[in-house]
Structure formats: structure tokens, C-alpha cells
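Enquirer: Sequence:
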Amino acid sequence: MNHNSVTLKITPPRCGAENISSYSVEFSVSGEDGWQQRTASKADEVTVSDLSLDTEYVFRCRAVTSVGVGPVSEVSGSVKTLPCSPPGKPQVEPNSSEISVSWQRPAELGPDVQILSYIVEYAQTDDGVKDRQWNQTMSRAEKAIVSGLQSETQYVVRVTCDCGAAGRSKESITVNVCTTKREFARLAEYLKHASKSIKSEFPQLYKLCLKEEDIDIEGCRKFTLGKESMRQNRTIMLLGATGSGKSTLINGIINYIVGVEWKDNFRFTLMDKTTEVTVQTQPSGRLQNELLTDHRGRPRGQRQEDHRAAAQKYVFDSVLSIFGKDVAENIRVLVTFADGQRPPVLEAIMASGVPCPKAKDGLPVNFKFNNSALFAHNQSSAAESTGGEDEEGGFDQMFWNMGVKSMRRFFVALNVIETKSLSMTQDVLKERQHLEVSVENFHKLDKLHLSKYFGIEQTVQQLINH
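The sequence shown begins at 1 in UniProt numbering and counts up by one.
Treat the hints loosely; a few may be bogus.
Below, simulated BS3-like cross-link-like pairs (lysine-lysine); rule was C-alpha separation at most 25 Å, straight line [what the hints assert, rightly or not]:
1. K246 <-> K89
2. K199 <-> K246
3. K263 <-> K196
4. K192 <-> K246
5. K420 <-> K360
6. K246 <-> K196
7. K263 <-> K405
8. K170 <-> K80
9. K170 <-> K192
10. K207 <-> K170
11. K222 <-> K170
12. K227 <-> K143
13. K420 <-> K358
14. K89 <-> K227
15. K222 <-> K196
16. K420 <-> K246
17. K192 <-> K181
18. K181 <-> K196
19. K222 <-> K420
20. K170 <-> K89
21. K211 <-> K199
22. K192 <-> K143
23. K358 <-> K405
24. K181 <-> K222
25. K192 <-> K263
26. K207 <-> K181
27. K9 <-> K170
28. K143 <-> K405
29. K80 <-> K9
These aren't lab readings, by the way, just hints derived from the structure by calculation.
Based on the sequences and whatever the hints tell you, model everything.
Expert: Right, dumping it as C-alpha cells:
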């Protein structure tokens, strides 16, 4: 049985079979009166095609002889065609322990039929075993990652549509694939040899070789690291003032992703200026693909702090109004320059009314980082080091370990956060343009007020002096 055909088996009668020249196979939609027919030349399997998808049919058969047509057989039980055609042939991309699988949606879909998910089945091929042991993984999109496989091993992969109450489709074409040889060299070591060395003291710094992409957006630049794959992406929109440690945090993230350890005598850096970087990590890295977006803060002086804080609060609220309030559920606080204590900034965030998820203690969900140890010297000589330097080195390693734990917690939490679509409609773009004009006018008014304030301050000082 398929989405548009049914295969029947015709059994010849016990008597008079030698006089039968052919068979007339008749079929009708269940519950209807009209019958259509197909001719089968012999008693064997016959396929009735050109049927409607997700439809129940009944069948009957007559023998045709030289003297006429014989009596009709009993009507079969109803048979329902499948709800959709099979998915397209799977495209596979293997590595040593995983297979990335992608496919096309079914070309034909029955009326009112919806594909709820896809079932990706895979099995290890073994000539000595007749029945394959099929394993399954589910996916809602037309792609999936099959993981936990053995290296240098042959597998077969196929995909089926799950249409809920309507049933399942027929399996796709089964494809053969072989996982690759396991590479034991670390990704960090590989990137070290592929990156540009920067003149620096210990540890040695390497600038990753990024590929710039033309995104045709004024004032924006985009760089890509690694090859694009079919893994699921996550987008991090990083907001913070100048000097808050965004760029150093991103350098910490990239070192964590590629597997740099405290004992290594090298570190990686991305770029000197804040920009947008797409990181497509290799399978041996700590993470799947991550898209990191760093939004540059505005320079400010100490006297302007209160004025800038009001402006930034306005921008934050406006961003939420554009992207929608539901994006507030995905806000996470990344605390830089943190120590082992509870960061005081959390109370300030609570007081400011910034919407974000709360932990059990009522404070914003947060992750603490202290990247002062990222480029710190990790080796000391007992003959050359004083007790104070040894203590400092111990603190550096403590902050490094704290950062690794926070990174691990952050990315585990990131993987379970429900993604929000930030696709902008024309109305949203107009609202964004209006926002930019409003913010620009706000800053002009802010500068005007500051200028008047400083002028009054100078006048008062002159009056005091004279």
C-alpha cells in the first residue's frame, strides 16, 4: 500500500482456472456506489494506481473467460491509502560519531493532512544479521542529527512522516552511509595551526581566520568561522555598555567552544572591534553551531552616567516593544567582573524593572563570569615566583574554572530555551526607524541640557571667584 496505490493478490478459482483469460479488478471509494475497473492478465499481484491520498477504498474481482465474465467475488474490507507521499531521498553528512540528515518535504499531501513530525530511522548494516535493529529519532524540521554512532561503521538511514491520526507515510529511499575515522586531535590544536599568531607575552595569542560575508546592511559586518552545517543554530543578542566586557566575554566564549584548557599555552581572540560573528564549530568542539551578535555600547563619561542610564533604559524598553514582550522570557543576565559572591548588579536590575525570568531566590536568572583569567599567565616557576605571585596564580585558575562552569551552565540552559522569531515585518521596520530617530533626538536634547548645565556651572564658578 502506498499514498496513491494499493497492491492486491488475486487467487484463481479451484475449478475452471484454465479457461480464464484475465481478471477484472474493480474498486470504489468506501460508502459510494460507483465502481471503476482495472484489468489483470493473470492471477498474481496487481497494483491499482492513481488513487486519492488518505482515502478508504473497497475492492472486488471477476474472472474473464471466452464466454463472458464470471460472478463477482466478495467485497474486500476497506483499505485506506497513506496520508502523503514519502519524504525526499535523505541527504547525509557523516563524521566519526554523528550523521547529519536532511530531506525534502513530501511532494504530495492529502486534504487536511498535516505532518506533525518526521521519524528518522537508522540501523547498523551487518551481513550476518537478517533483521536489522532499527533505531529512531524524531524531528519537527526537515533535518536531524543522528548521534552516538561508532566510527568507521556502515549505517542505513530512512525517513517517515508522522501525520498523527491520519497515519504515517511510506519510508523514504534508504541510503547507505559510513561514519568517518575518529580524530583524536583537539579542535583547539587544529585552529592554533590555522590561525594567525599575534605578538604577545605568555600565553601566545592567535587571531582566528574569519571569513567576511557581504550582508548589504550599512554599518554592519558579518564574519563566519568554520563550515556551515545542518545543525540547529542559536542566536545570542549581547547588549551592554562600553567597558562592560562584551568583547572579552565573546573571546571567552570562543575559547570555551573550541576546547581551550587552562593548562594550554595559547588563547584565541576574534576581533578587536565589536561586530557580528557566526561561529560554525566542528564536531569535536564543545558546542553545536552558535551565532553570536555583539551590539556595541555608546562611549560615556562619568558625569553623564545618570543621563545615559535613562537613555539606555528607554532603548531597552523600545527594543522589547519591537520584538514583542515574549522575548523577555529569553533574557538572561551575564555578569562580568564577578567574584564568588552574589553580584550587587542583580538588585539594580530588579530595581530598574527590566523584565526577565527569575530564579528561586527571586533574583534574575544569571551567569557569572570573570574573564580576567582568560589571558592570564598559567605557569609559574617556584624559583622565580614569590608567595604573592603563587596566590595570584591560584586566583587566576579559580576564576578560569568558575568561567568554565558558568559557560557550561549557560549553554546547557541555552539549548532548552524556546526560540523566538525576530523576523521583522514592514511595520516593525518603520517602528525601528522611528525609534532610531527618537533616540537620536533624545541624545541631542541630552547634550543640549548637559551643555546648559555646564554653562551654568561655569557661570556660578566665575561669580564665586569674583
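Enquirer: Now look at each hint and say whether the structure bears it out.
Expert: So, going through the hints one by one against the coordinates:
no. : hint          : result
1   : K246 <-> K89  : violated, 44 Å
2   : K199 <-> K246 : holds, 23 Å
3   : K263 <-> K196 : holds, 21 Å
4   : K192 <-> K246 : holds, 23 Å
5   : K420 <-> K360 : holds, 24 Å
6   : K246 <-> K196 : holds, 22 Å
7   : K263 <-> K405 : holds, 16 Å
8   : K170 <-> K80  : holds, 13 Å
9   : K170 <-> K192 : violated, 48 Å
10  : K207 <-> K170 : violated, 50 Å
11  : K222 <-> K170 : violated, 42 Å
12  : K227 <-> K143 : holds, 17 Å
13  : K420 <-> K358 : holds, 19 Å
14  : K89 <-> K227  : holds, 23 Å
15  : K222 <-> K196 : holds, 19 Å
16  : K420 <-> K246 : holds, 23 Å
17  : K192 <-> K181 : holds, 22 Å
18  : K181 <-> K196 : violated, 28 Å
19  : K222 <-> K420 : holds, 21 Å
20  : K170 <-> K89  : holds, 12 Å
21  : K211 <-> K199 : holds, 22 Å
22  : K192 <-> K143 : violated, 32 Å
23  : K358 <-> K405 : holds, 20 Å
24  : K181 <-> K222 : violated, 33 Å
25  : K192 <-> K263 : holds, 15 Å
26  : K207 <-> K181 : violated, 29 Å
27  : K9 <-> K170   : holds, 20 Å
28  : K143 <-> K405 : violated, 31 Å
29  : K80 <-> K9    : holds, 16 Å
Hints 1, 9, 10, 11, 18, 22, 24, 26, 28 from the list above are not met by this structure, while the remaining hints are.
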